[in-house]
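Q: Chains A and B, in that order, are what the protein sequence lines are. Take the first sequence: its position 31, counting from 1, is numbered 57 in the numbering used here, and each next residue is one higher. Take the second sequence: its position 128, counting from 1, is numbered 829 in the numbering used here, and each next residue is one higher.
Simulated from the structure, these hints should not be mistaken for lab results. The structure displayed is predicted, hence computed values, not measured ones. Just so you know, even glycine gets a beta-carbon here, dropped at the ideal spot from N, CA and C. Misleading hints may appear alongside valid ones.
To be verified - Just a few of them, taken from the derived set where beta-carbon distance is under 10 Å, the chain B residues facing chain A:
no., residue
1, D711
2, A745
3, D754
To be verified - Pairs of lysine-lysine residues, derived as BS3-like cross-links and limited to a Cα-Cα distance of at most 30 Å, are as follows:
no., chain 1, residue 1, chain 2, residue 2
4, B, K865, B, K771
5, B, K872, A, K88
6, B, K872, B, K746
7, B, K746, A, K88
8, B, K865, A, K88
9, A, K88, B, K960
10, B, K960, A, K116
11, A, K88, A, K116
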Amino acid sequence: MPERPARDEDLVRRYLSGDRAAFAALVERHERRVYNLALRMTGREEDARDATQDAFLTVLRKLSSFRGEAAFTTWLHRVTVNTCYDLLRKRQRSPLLERGDDDLPALEPPPAPDPADASSLSLDVRQALMQVPEDFRAVMILHDVHDLRQEEVAAILGVPVGTVKSRLHRGRVALARAMGLSRRVPTNGEPADASGSSEGTVSP
Amino acid sequence: MTHPDDLLADYVDGTLDERARADVDAHLQGCARCREEVRLAGAAKASMAELEDVPVPFGVTGPVVVEAGKRFEQRGKTWDRFRWAAGLAAAAALVLVVALNLGRGDERNAASPAGASAGTGAAAEAGGGAADASATVPFQGIERQPNVNYDADGIQAVANDASKAVASAEKAGAQTGSGAGAPSPASSALSASERFADAPRPRLCIEQSGLPTDSPRDVLVRLIEAKFENQPAFIAVFAESPGAGQPADHVVVWAVSSKDCRILTTASFRIPQT
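Please model the entire structure based on the sequences and the hints provided.
A: Given below as structure tokens:
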């Protein structure tokens with residue numbers, strides 16, 4: 027059996043009590059997850075880089091007030107999601123002109139480094155995800171991509187589990203529609219789209 | 702008809718207990734809307750499962766780790782071990798610390814690179830560091846550090862330090878220059894090309910390396926002549942703003958070989974927003 031890796035919470039304690047390498051270990055352990063979460067939340071590499079850096083800086087700044095009431099990963103996810111929200115809001119607020127027209131094409135995901143089949147699918151999903159409202163997107167990414175349980179997602183986002191369930195379902199439907207997967211449903215007395223599915227959906 | 706919306710996520714996930722599952726199945730029999738939603742949700746879930754992780758680009762978390770180390774320094778615990786930041790050894794190099802904005806160059810300042818503004822620039826620069834007390838980011842002219850040999854961490858530390866200096870300069874500027882006409886660093890500071898005026902050779906070298914030196918979005922905040930990994934280098938530190946006249950939000954550092962003007966390394970750091 028390989029030696030059991032230190033728990034996150036122990037690394038936090040070690041860093042706070044003077045072991046500088048412990049923080050580097052935390053970053054190394056979680057950076058991939060944080061970056062990919064940010065990439066899917068923001069849809070842009072540039073924003074994902076900024077969000078990742080900001081999220082870890084926030085964690086660093088607030089580490090001493092981390093009491094271990096929540097799991098470290100729960101907290102880290104929460105910080106990351108909130109950082110992405112902030113960034114998305116900032117991006118919305120700042121007129122596109124100020125960012126420069128050069129940035130507009132970046133709304134299209136950047137070309138994938140290797141043009142394998144899987145990556146073109148990924149691009150479609152990534153693009154479509156950006157059309158799903160961010161509260162729904164966060165739930166779907168955490169649950170369906172990062173494989174977190176609904177209870178964990180609820181803890182990260184600070185919402186009831188019931189809300190996670192409904193956002194998850196509505197978000198998935200919206201994503202599928204944004205990917206162009208919907209088809210006309212024969213209207214046998216049930217309007218296909220009009221009933222209750224307006225929240226968070228994207229018209230086909 | 703009441704739709705079992707609160708169960709459909711778990712239905713798609715396959716986590717409903719047998720009885721609830723049977724209820725949903727019964728409902729789906731007679732409800733085209735829910736059948737369609739379940740089909741769509743299942744397809745979306747499958748698509749998301751295909752998403753692959755991508756590696757973290759170089760240089761994203763490094764600055765944070767450097768920052769984490771500095772806290773120790775401030776607490777005075779591991780001061781000695783932290784000496785690497787400034788680099789230790791050796792002979793002469795030109796390190797230019799400049800925040801340059803690659804690719805966004807000359808939107809209004811397409812002037813020919815060399816010397817166009819040298820006259821006025823030199824005059825203004827002669828006043829040295831803080832040319833005025835407004836929001837300009839201080840610039841002390843070229844710093845010659847012939848015996849300092851930077852490494853990648855050292856360059857990163859330069860970026861981190863500069864971002865703090867720029868942040869406090871911006872803060873000071875916001876306080877003293879209240880009102881509509883408040884000067885922002887990017888607009889009121891000496892332009893990058895003016896700051897280069899007393900350093901024609903570093904400037905030429907930086908231009909030759911392919912970096913712009915006259916973008917209105919970039920303000921040269923430090924210019925250092927030192928070494929990078931034992932190679933003579935100019936290190937240029939720029940404060941970079943998202944648009945002309947806006948407060949800078951990043952610091953970018955470039956080290957360029959003073960021999961053949963190749964880019965040796967770069968580092969960047971976000972400026973903390975107050």
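Q: Look at each hint and say if it fits the structure.
A: Hints versus structure:
Because the beta carbon of D711 (chain B) sits about 7 Å from the nearest beta carbon in chain A, less than 10 Å, this interface hint is met. Taken as an interface hint, A745 (chain B) checks out: its beta carbon lies about 4 Å from the nearest beta carbon of chain A, inside 10 Å. Proximity of D754 (chain B) to chain A holds as hinted, the smallest CB-CB distance being about 5 Å (cut-off 10 Å). As the CA atoms of K865 (chain B) and K771 (chain B) are separated by approximately 13 Å, the hinted pair is consistent with the 30 Å bound.
For the suggested pair K872 (chain B) and K88 (chain A), the alpha carbons sit about 22 Å apart, so the restraint of at most 30 Å is met. For the given pair, K872 (chain B) sits about 47 Å from K746 (chain B) by alpha-carbon distance, which is inconsistent with the 30 Å threshold. Restraint check for K746 (chain B) and K88 (chain A): not satisfied, since their Cα atoms lie roughly 35 Å apart, outside the 30 Å limit. For a cut-off of 30 Å, the pair hint linking K865 (chain B) to K88 (chain A) stands: about 18 Å separates their Cα positions.
The suggested pairing of K88 (chain A) with K960 (chain B) is violated, with an alpha-carbon distance near 44 Å, which exceeds 30 Å. For the proposed pair K960 (chain B) and K116 (chain A), the alpha carbon gap of about 42 Å is over 30 Å, so the pair is violated. About 22 Å separates the Cα atoms of K88 (chain A) and K116 (chain A), which keeps this hinted pair within 30 Å; it holds.
The structure does not agree with the numbered hints 6, 7, 9, 10 stated previously, though it agrees with the rest.
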